[in-house]
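Assemble chain B onto chain A, guided by the hints.
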Amino acid sequence: MARWEPILDEVMRERAPRLLAYANLLTGDATEAQDVLQDALVRTFSRGRAFDNANLAEAYVRRAIPSVFIDRLRKRRAAERAHERDVAIGGRDVPVTDRDVVMDVRAALAALPPQERACVVLRFYDDLTVPQISAQLSLAEGTVKRYLSDASGRLASMLGEDVDASTEATLPVVTPGMKGVRP
Amino acid sequence: MSGLQERLGAAVEMDALDFDGSSFAEARFGAVRGRVARRRAARSAGIGGASLVGVGAVAFGAGQMPWSGLVLGANPAGSPSVECTTSMPDAAAGDVPDLAVAWTELGGNSLWTFSQEHGTGTLATAHFEGGFLVVTDFDGKQSTVEPGADGTYTIKLGGYEVTSTFADGQDTPVTVAEGNTAPVMTAELVAPSSDDGSSPVSWAIQESTSGVVLATARMEGANLVVVESAGGTQTLEPQGDGTYVVQLAGQEYRWAFTIDGQGIVTMQVDGESSGSEDIVTVGSATPSITSVQSSVPVPSVTCEPVTPVPSASASPSVEPSTSPDGSSEPSPATDVDSPFQCGFVFDADEHGIDDVRAFGAETTDTAIRAVFADWYGNQAPTTEVGDTGAIAYHATLDAGALTGAQVTAADPASVRHDVLPNAVGLSFVAVRDAMVVGVIPTETNHATGLVVDSDGEGGPLEAFLWNTDGLTACGTASVDGADIYAVAGTSDGSAVDYSWIKVSG
Chain A
1 MARWEPILDE VMRERAPRLL AYANLLTGDA TEAQDVLQDA LVRTFSRGRA FDNANLAEAY
61 VRRAIPSVFI DRLRKRRAAE RAHERDVAIG GRDVPVTDRD VVMDVRAALA ALPPQERACV
121 VLRFYDDLTV PQISAQLSLA EGTVKRYLSD ASGRLASMLG EDVDASTEAT LPVVTPGMKG
181 VRP
Chain B
184 MSGLQERLGA AVEMDALDFD GSSFAEARFG AVRGRVARRR AARSAGIGGA SLVGVGAVAF
244 GAGQMPWSGL VLGANPAGSP SVECTTSMPD AAAGDVPDLA VAWTELGGNS LWTFSQEHGT
304 GTLATAHFEG GFLVVTDFDG KQSTVEPGAD GTYTIKLGGY EVTSTFADGQ DTPVTVAEGN
364 TAPVMTAELV APSSDDGSSP VSWAIQESTS GVVLATARME GANLVVVESA GGTQTLEPQG
424 DGTYVVQLAG QEYRWAFTID GQGIVTMQVD GESSGSEDIV TVGSATPSIT SVQSSVPVPS
484 VTCEPVTPVP SASASPSVEP STSPDGSSEP SPATDVDSPF QCGFVFDADE HGIDDVRAFG
544 AETTDTAIRA VFADWYGNQA PTTEVGDTGA IAYHATLDAG ALTGAQVTAA DPASVRHDVL
604 PNAVGLSFVA VRDAMVVGVI PTETNHATGL VVDSDGEGGP LEAFLWNTDG LTACGTASVD
664 GADIYAVAGT SDGSAVDYSW IKVSG
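If you read the sequences in order, they're chains A and B. Counted from 1, the first sequence has number 162 at position 162 by this note's numbering; the numbering is strictly sequential. Heads up: take any position in the second sequence, counting from 1, add 183, and you land on this note's numbering.
Treat the hints as calculated values from the structure; they're not laboratory data. Virtual Cβ for every residue (Gly too), placed ideally from N, Cα, C. Don't take every hint at face value.
In silico contact screen, one side only, chain B against chain A (beta carbon under 10 Å); selected entries [claimed, not checked]: (1) Leu187; (2) Met197; (3) Ala210; (4) Phe315.
Label pairs and their in silico Cβ distance ranges [claimed, not checked]: (5) B:Thr549 with A:Ser138: 16 to 26 Å; (6) A:Thr31 with B:Glu533: 33 to 43 Å; (7) A:Asp71 with B:Ala210: 18 to 28 Å; (8) A:Pro6 with B:Pro421: 18 to 28 Å; (9) B:Glu545 with A:Gly160: 57 to 67 Å; (10) A:Glu32 with B:Ile574: 43 to 53 Å; (11) B:Ala550 with A:Gly153: 36 to 46 Å; (12) B:Asp520 with A:Thr31: 55 to 65 Å; (13) B:Gly331 with A:Ser149: 47 to 57 Å; (14) A:Arg3 with B:Ala544: 32 to 42 Å.
The shape of chain A in the complex, shown without the other chains:
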């Protein structure tokens, strides 16, 4: 058995629930979350890096998830992207009377275009700065700011609360590399 296989097995068996939950934030779809996680695992373990433990491997997999998510988006056909835009446009028009539904932050996220969703997750869940998001998703900083600004307005509408999308650089509370580390 290759040296990386036991770590891969451990990550998939023991760390998959949190990784899938994280991927689900981005995808809004459990099945697609599994596909994203699978690609992230392949990408991470194919690099040749020798992981000494599952914590480190999990952290790398977790960091790969948003990139994989965006890459998958970019590969989709134009028709699919158009469909996603339609969904997003529909999301903007969710009436206030359905607030009970969209109070679910997952539903609110799902109503965002995927790129905006990824920026929101990295900004508000991972606490990354705009430059960090820009680097991770290979997007221009101006594009990230625009996505965050647009998404904030929509989320505020759907969630019924202000969403501060300040793009001021902040120090991350938890560094991405340590996010998966457990005591």
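Okay, now just chain B, sitting in the frame of chain A:
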């Protein structure tokens, strides 16, 4: 913001309770493992395109090659050794053992590699020409395959029949379906590389069809030490019956070794998955098959003692040269003709032939970090490369023939050319008074502070050295304060062209 952050955190926590890691692993582990193994195989064969090559992909030279144990094992020049060749009997498709394989796309030139699972190397390459699939097998034999009525291409390789389906009219395989995909592998022991008793005898465990070395094995006391080419070392104690059971390339395969007092090794391929019992006995001088009981074809092994003949290209060596007075201080060695070796004397600060020419200069670790961030994104080894502005070194080799070559950080004369004919190597050496006094060893899977890689298809091979601790002094020489040279070589399988350039100062 805090409200949204809390909601997102709660959503993750809640979802995490609903997801079942075991189910996910059971459903997807095989697929992930297979894809990882294929990518690692493609990279370790030195043929990965940009999308396949990552940090460490070719960074650590031949030590990471599947056949490193054979190439870099104890085989002192001039000592007798045994060379084995393997042939696979033809058989009806139904009798052919299954083979776990996969195509890997190399890049934009419509070239794919056809590799076994479990990181054992490349079996063939293929590309489209005018609607036909042109396949070149590992012996260099080329065949043109017409599509069948259903649009599939059926390929026979080494006794295995494989059917691959490519998208009609497209240059990339959209769907790939291989026949005979159950993971069965046969392997054999290659005879000891040295039998004079002066050094530990080691055997190469070689995959039968491709000839790729899966691991090397040697005795240490009563234990059998198996060094896997894919990484990892197993130290095995004898079983109750005196055999050693080894698991390689996943859990499906088990090998049992029996070693008697005469140095005779018996390798039994346990038929855990195939039901076969293939007994191959390898003697210390002339291996032969003593017993074969199998329901599937097994390779025949022909072995002949051979004595290495010095070639025009230098053999790889990182051993210190010994001077005539017995000291281990390196001295110019007349038999050293590779700049990758201790004792090599440079007659100029820069040398290159035609399009084989290395370029290089000092840089900083900070600059290397920036390059890695650009190349590898969030996979960049930022924890390994400092950000201090310290002096580091960068070299490029625009050999113009990287595609399909074995790319290593080792002397290209050291790699085998029976899988892919051409090889390219790029590394650094420490030089004092125009003589090599320090080299970067490539026996191990990791060379400190060195990455050799290419920025995508068609890009030059580039080497980065940000930590000179990876330079091992030749003998008692010191590498402190030594000049740093980039050394490069290209091989077409018959000769090696070297180039170098002083990059320090």
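Against the structure, the hints:
Given hint, Leu187 of chain B at the interface with chain A, holds; its Cβ is 5 Å from that chain's nearest Cβ, closer than 10 Å. Checking Met197 of chain B against chain A by beta carbon gives a least distance of about 8 Å; that is within 10 Å, so the hint holds. Hint status for Ala210 of chain B: holds, given a least beta-carbon distance of 8 Å to chain A, under 10 Å. A distance limit of 10 Å between C-beta atoms decides the matter here; for Phe315 of chain B the minimum to chain A is near 28 Å, and the interface restraint is violated.
At about 21 Å, the beta-carbon gap between Thr549 of chain B and Ser138 of chain A stays in the expected band of 16 to 26 Å. Range check, Thr31 of chain A to Glu533 of chain B: Cβ separation about 58 Å, and the 33 to 43 Å hint is violated. Between Asp71 of chain A and Ala210 of chain B the beta carbons are some 22 Å apart, a value that agrees with the proposed interval 18 to 28 Å. Taking 18 to 28 Å as the suggested C-beta distance range, the pair Pro6 of chain A and Pro421 of chain B conforms, at roughly 24 Å.
Glu545 of chain B and Gly160 of chain A have their C-beta atoms about 59 Å apart, which keeps the hinted 57 to 67 Å range intact. Glu32 of chain A and Ile574 of chain B have their C-beta atoms about 47 Å apart, which keeps the hinted 43 to 53 Å range intact. At about 41 Å, the beta-carbon gap between Ala550 of chain B and Gly153 of chain A stays in the expected band of 36 to 46 Å. Restraint check, Asp520 of chain B to Thr31 of chain A: a C-beta distance of roughly 60 Å satisfies the suggested window 55 to 65 Å.
Here the CB-CB span from Gly331 of chain B to Ser149 of chain A is close to 55 Å, well matched to the stated 47 to 57 Å. Taking 32 to 42 Å as the suggested C-beta distance range, the pair Arg3 of chain A and Ala544 of chain B conforms, at roughly 36 Å.
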